[in-house]
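Enquirer: Based on the hints, put chain B in the right spot on chain A.
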Amino acid sequence: MWLGSAVGITLRYALYFARVPEMLEEHLELNSPITSHVRLKEGLFFLENGISPYAGDTCHTPPLVLLLLQLFHHVSPLVHFTALVLVDVVTALLLRKLAVFYRIARQEAGVRWAEASAPMGMAAKEAAGIEDVISPAFVGLFYLLNPLTIASCVALSLQNLQHLVFAFAIVAAAAGKGGLSAIGVALSLYVCPFTAVLLILPCAALAHQQSLSARKARDWETGAYSPSWQQRIMNCGFIGYCVFFASLTLGLFACLLGASAAAMGGELQFFEACFVSVIAVRDLTPNTGLFWYMFTEVFQRYYLLFIFAFHAHILFYSVPLHLRLGCYAPTGTFIHCGAALGMICLFKPYPTASDYGLMLSAMLVQAELIKESQQYFAFLLSGVMFGLSMVPTMVAVWLGRNAGNANYMYNMTLIVNVFGSLTLSQWVKAGLRLRKRQHSLAYFRQLVLDIVDEVVADPKAAKVKASAHLDTALQ
Amino acid sequence: MMRLQAALLPLALALDHFQETLHLRALPRIVDEPELYLARWEFEIQAEFTDAFRTDHFDLFPSPIGKLLNAYPSIESFEATLTRGRWKSAWGEVPWEFRPPGAVLATALAQANDTASTASAYRFLVSTLAGSLCASFEGMNPAVSAEGEVQLSNNAGARPLQLPSAWSAKGTSFRLATLPYEPVCTENLTPWLKLLPCGRHRGLGALLSSLVLAVAEAPLTSLTLAARSDERAAVRASLDVVLPGDAGSLPAWLKSFAARDVAHCVAADSSELMFWWPGKAPVLPDTRVLEMGERQVLVVPTMKFLQGSMAEFFSGPWSSERRLHAPRVMRDMLSQEGRSERTHGRYLLRLSNEGRSRHVRFLDQLPFFIRPLWHSLRAVWADGDREVELHGAEALKRLQLQFTSSDGLRSPTDFSLSVELKSGGSVSLFLDVLKNFINFREFSYACEKGFDVGGAVWLDDEAEDAAAGTISTAGFAAPLGPSLRQHEAQPSSRLHFTEGMLVMVPMPDFSMPFNVVALSSTAATFFFGSIFRFTATHHPPHWSTQRGTKKKTLHPMQALALLTLLGCLGLNALTAEHMNRISMTLSQAGESGQELYSYLAIAKERVDSILAKR
Numbered sequence: 011m012w013l014g015s016a017v018g019i020t021l022r023y024a025l026y027f028a029r030v031p032e033m034l035e036e037h038l039e040l041n042s043p044i045t046s047h048v049r050l051k052e053g054l055f056f057l058e059n060g061i062s063p064y065a066g067d068t069c070h071t072p073p074l075v076l077l078l079l080q081l082f083h084h085v086s087p088l089v090h091f092t093a094l095v096l097v098d099v100v101t102a103l104l105l106r107k108l109a110v111f112y113r114i115a116r117q118e119a120g121v122r123w124a125e126a127s128a129p130m131g132m133a134a135k136e137a138a139g140i141e142d143v144i145s146p147a148f149v150g151l152f153y154l155l156n157p158l159t160i161a162s163c164v165a166l167s168l169q170n171l172q173h174l175v176f177a178f179a180i181v182a183a184a185a186g187k188g189g190l191s192a193i194g195v196a197l198s199l200y201v202c203p204f205t206a207v208l209l210i211l212p213c214a215a216l217a218h219q220q221s222l223s224a225r226k227a228r229d230w231e232t233g234a235y236s237p238s239w240q241q242r243i244m245n246c247g248f249i250g251y252c253v254f255f256a257s258l259t260l261g262l263f264a265c266l267l268g269a270s271a272a273a274m275g276g277e278l279q280f281f282e283a284c285f286v287s288v289i290a291v292r293d294l295t296p297n298t299g300l301f302w303y304m305f306t307e308v309f310q311r312y313y314l315l316f317i318f319a320f321h322a323h324i325l326f327y328s329v330p331l332h333l334r335l336g337c338y339a340p341t342g343t344f345i346h347c348g349a350a351l352g353m354i355c356l357f358k359p360y361p362t363a364s365d366y367g368l369m370l371s372a373m374l375v376q377a378e379l380i381k382e383s384q385q386y387f388a389f390l391l392s393g394v395m396f397g398l399s400m401v402p403t404m405v406a407v408w409l410g411r412n413a414g415n416a417n418y419m420y421n422m423t424l425i426v427n428v429f430g431s432l433t434l435s436q437w438v439k440a441g442l443r444l445r446k447r448q449h450s451l452a453y454f455r456q457l458v459l460d461i462v463d464e465v466v467a468d469p470k471a472a473k474v475k476a477s478a479h480l481d482t483a484l485q
Numbered sequence: 018m019m020r021l022q023a024a025l026l027p028l029a030l031a032l033d034h035f036q037e038t039l040h041l042r043a044l045p046r047i048v049d050e051p052e053l054y055l056a057r058w059e060f061e062i063q064a065e066f067t068d069a070f071r072t073d074h075f076d077l078f079p080s081p082i083g084k085l086l087n088a089y090p091s092i093e094s095f096e097a098t099l100t101r102g103r104w105k106s107a108w109g110e111v112p113w114e115f116r117p118p119g120a121v122l123a124t125a126l127a128q129a130n131d132t133a134s135t136a137s138a139y140r141f142l143v144s145t146l147a148g149s150l151c152a153s154f155e156g157m158n159p160a161v162s163a164e165g166e167v168q169l170s171n172n173a174g175a176r177p178l179q180l181p182s183a184w185s186a187k188g189t190s191f192r193l194a195t196l197p198y199e200p201v202c203t204e205n206l207t208p209w210l211k212l213l214p215c216g217r218h219r220g221l222g223a224l225l226s227s228l229v230l231a232v233a234e235a236p237l238t239s240l241t242l243a244a245r246s247d248e249r250a251a252v253r254a255s256l257d258v259v260l261p262g263d264a265g266s267l268p269a270w271l272k273s274f275a276a277r278d279v280a281h282c283v284a285a286d287s288s289e290l291m292f293w294w295p296g297k298a299p300v301l302p303d304t305r306v307l308e309m310g311e312r313q314v315l316v317v318p319t320m321k322f323l324q325g326s327m328a329e330f331f332s333g334p335w336s337s338e339r340r341l342h343a344p345r346v347m348r349d350m351l352s353q354e355g356r357s358e359r360t361h362g363r364y365l366l367r368l369s370n371e372g373r374s375r376h377v378r379f380l381d382q383l384p385f386f387i388r389p390l391w392h393s394l395r396a397v398w399a400d401g402d403r404e405v406e407l408h409g410a411e412a413l414k415r416l417q418l419q420f421t422s423s424d425g426l427r428s429p430t431d432f433s434l435s436v437e438l439k440s441g442g443s444v445s446l447f448l449d450v451l452k453n454f455i456n457f458r459e460f461s462y463a464c465e466k467g468f469d470v471g472g473a474v475w476l477d478d479e480a481e482d483a484a485a486g487t488i489s490t491a492g493f494a495a496p497l498g499p500s501l502r503q504h505e506a507q508p509s510s511r512l513h514f515t516e517g518m519l520v521m522v523p524m525p526d527f528s529m530p531f532n533v534v535a536l537s538s539t540a541a542t543f544f545f546g547s548i549f550r551f552t553a554t555h556h557p558p559h560w561s562t563q564r565g566t567k568k569k570t571l572h573p574m575q576a577l578a579l580l581t582l583l584g585c586l587g588l589n590a591l592t593a594e595h596m597n598r599i600s601m602t603l604s605q606a607g608e609s610g611q612e613l614y615s616y617l618a619i620a621k622e623r624v625d626s627i628l629a630k631r
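Protein chains in written order, with our numbering: chain A, 11 to 485; chain B, 18 to 631.
In case anyone wonders, no lab produced these hints; they're calculated from the structure. One thing to keep in mind: the hints can contain errors.
Cut-off 35 Å, straight-line C-alpha distance, at most; resulting in silico cross-link-like pairs (DSBU-like, lysine-lysine) [stated by the list, open to error]:
#, chain 1, residue 1, chain 2, residue 2
1, B, K211, B, K84
2, A, K187, A, K439
3, A, K475, A, K187
4, B, K272, A, K51
5, B, K211, B, K414
6, A, K107, A, K381
7, B, K297, B, K321
8, B, K211, A, K51
9, A, K51, B, K414
Stretch-level coverage of chain B by chain A, calculated; a stretch enters the list once three of its residues show a Cβ under 8 Å from a Cβ in chain A [to be verified]:
#, segment
10, 54-63
11, 450-464
C-beta atoms are modelled at their ideal positions from N, C-alpha and C, and glycine is treated no differently.
Isolated chain A, as found in the complex (with noise of 0.2 Å):
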């Protein structure tokens, strides 16, 4: 992992030196209005000169973020760079501690879930083949060597800071520190506002099973199975927990919002710019995701309605899921997670190319899921992979050469978007089917375990009973 650290680090510094930041800090596929590192520059520019940062409406920084960027910034350039550099490094540490956590809770599972991801016919030891790839190790370095984060890191972005805080909620959460996961979701969304609202219940769950008081009343290594019927959907204590946990990191968000007026004078001009601006889509600079040709297009009257359309439907992912996936302990609130993590990155208004590395990053932390969806997973993501390639040619032939038209863009767009949903909605459900086929399986393991039992008790009555059932199917 150091090794590898070491050399994602040498290659931003040697882009860094070779100044390929100028060439890449106004590419659209890398950098959206709210964490271009020009419109930082504006927004700098007017701290320094006692000028409102948000005069204008082209920075989209948040103050608190701003003011800190400003202390690297009033240095050397080469320091704010450096903190880019850390923040993709932490960021990568963070995913390969979560990868670390899954693993943990892979082995708490049991073999029934190894059971479950392993080929039909295969033994679980047989099959553990690609988890030992993807290790820890990989998922953290998958994200640090990724040429999408390492482009975007190149380019000055933001985006990778929104990455980082993402990523710390989770792991916070998996770590099973409910204030630090609020805290984590609270800055997420600060930096990202409204769609970070999918990690509260994710993040709630996982900080709720990995707490040590739930974890004493577990009994995952038991095998035991018992009837969904029987099981119960919703846990009081969970409920409760959720309400705290959701209270505390809005909470912790109004208290980011309070300070942010403080380090303002008192100005609330920061609002408008950082939340209300990039909520109702007010700039419609193109980029990987599905919003800005949408408002570009659609007709005035029906421009709120569409907004609140955009937004309002992710909020019917995360109960369902949470249900059908999240509730299931142990590795079900790390799907969850996982899957909330891929929501953010498609249905953000301002997506870049590395937020798909993200992505991609953090589905690999199951890797059986992605065994479990090979077939399609390979296609779809080479599906997103082609879309987000061909981004920069079409934005040259329409904005460049002006041989083509925002069309071009927009298909490619839509390619990217389309694949990419398909691909998270496959890799959700393999976590599905491997639930599903646990489930199946610790049955008829019950049921085997049940009729040795019988047979081995009285071997007479378990022969007459097995006649007379057998007579029955006959009938």
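Expert: Coordinates of chain B only, in the frame set by chain A:
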């Protein structure tokens, strides 16, 4: 003889009077640009309101206008102007006010109690102009557009144009209508020329036949038709064109006039050429000189010019060389190297001064789709060999630059700056801008050529290049035509306008809104549908569990409702014979039986009545 004179005099007085004038004025030379001069053709026809005129029998007066004035006496005056291009500040002070690009119709109507007749007169005027001058005027008809009605009825106190004060006098209703875009009628002068007595065949109007292409390509063309109806009826038609040419000799088309290729218009009472000299004009026989402050205007009768003597004289320079010493402002939107012209730009402002030192204040407005990046500001002061370059905040302070940012929606970015321009010095300002991607409804007509950004304003505190001897239209209705005015006191600061800019912005596909809405929603639905299918679909019961064979039971309330329904149907089915039998049976049970029967009878009655109503 005396009798003949006495008989002819009233006839001669009743005839119309026609005057034609051609003004030629060299414009200041600008380095690296072709030399230009301003030519103004001016034709004026005056007619008495004689009986013949009142009965639509006209001498020289254009009949469409005459008929209009006869039919609608409430039309006191009107001025219809078609303009293409603008007067550039580099050409010096504007000699008279040019109307804004497009079509302008200013009308003074006599106020009447009957608004319908006034409206009718206006509509008829618009139709006449549309038929005899330019079809675009039909767009000003209130009947065509409701918006036009609002615009035309606006009797606001502020006047956007320089117009005679008589038009705002009591008892006069003033109407103003404009169209922003008019490219066709200024290129085809035929309808306008047809209104003149000699048309395009004789006189000064005939000179235009060799200038069709030059007029079409001229940077400024303004065509006017004005009429007045007070004591006499009068029409003025004028054409202003900025043409390329060498001030060192007469234009070729005027030389052909001098060579008698073109005949004099015999209907004209007066036909003159006016050469505007910046300094002292030469003294020539049969000419007169008008003093206009620092300028002199040499007035040459056309007949004399046609005789050739003047033409020989004008084979030499007809205008002394004159350079413009006023400050120059260059404002443009450049592209950034290696970046798309549609997404990035560099605002350039260059203020230079060849004259005396002066203080310049510059005000500009960048529309909402241009987002300036103030941190990229770079300013260069050049003073001879010395150059000073400042960036960012230092440049802002040195330029005394103040700005009001856009709100991010529709409001523009306003900024102003002040600089001291030394003689021979210049100040250049470079500012990187981002061009916004905007909703497709924000795009205007012909946006593929770029967005039109209005001109900026600048003031300088020196008035060296005073507008001595300019043509004024301030009192058009009174003198009807440009009067030669004397030097006027100039204000301490002069207001100038820069040219507008065309800015390219990224464009969406305008034919796609429905497709994009449908496709984007479908893309979002892909994920929603998948997750919905995985999480919310019904799972068939497992064969190995007993949960799949769920016994169907009735809820007690369902059972009660069913029983009640059955009971009602049973009661309704009972006939009178059945009721008698029940009554007899129950009466055997005593009083309680009879009481029960009475309840039963009431219930049946209710049920029957309800069902009977249905």
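Enquirer: A separate judgement is required for each hint: does it hold in the structure or not?
Expert: Results of checking the hints against the structure:
1. K211/B / K84/B: 16 Å, holds
2. K187/A / K439/A: Holds, at about 29 Å.
3. K475/A / K187/A: 53 Å, violated
4. K272/B / K51/A: 63 Å, violated
5. K211/B / K414/B: 60 Å, violated
6. K107/A / K381/A: 21 Å, holds
7. K297/B / K321/B: 21 Å, holds
8. K211/B / K51/A: Between K211/B and K51/A the Cα gap is close to 63 Å, so the pair fails against 35 Å, i.e. violated.
9. K51/A / K414/B: 19 Å, holds
10. 54-63: violated (count 0)
11. 450-464: It holds, with 7 qualifying residues against the three required.
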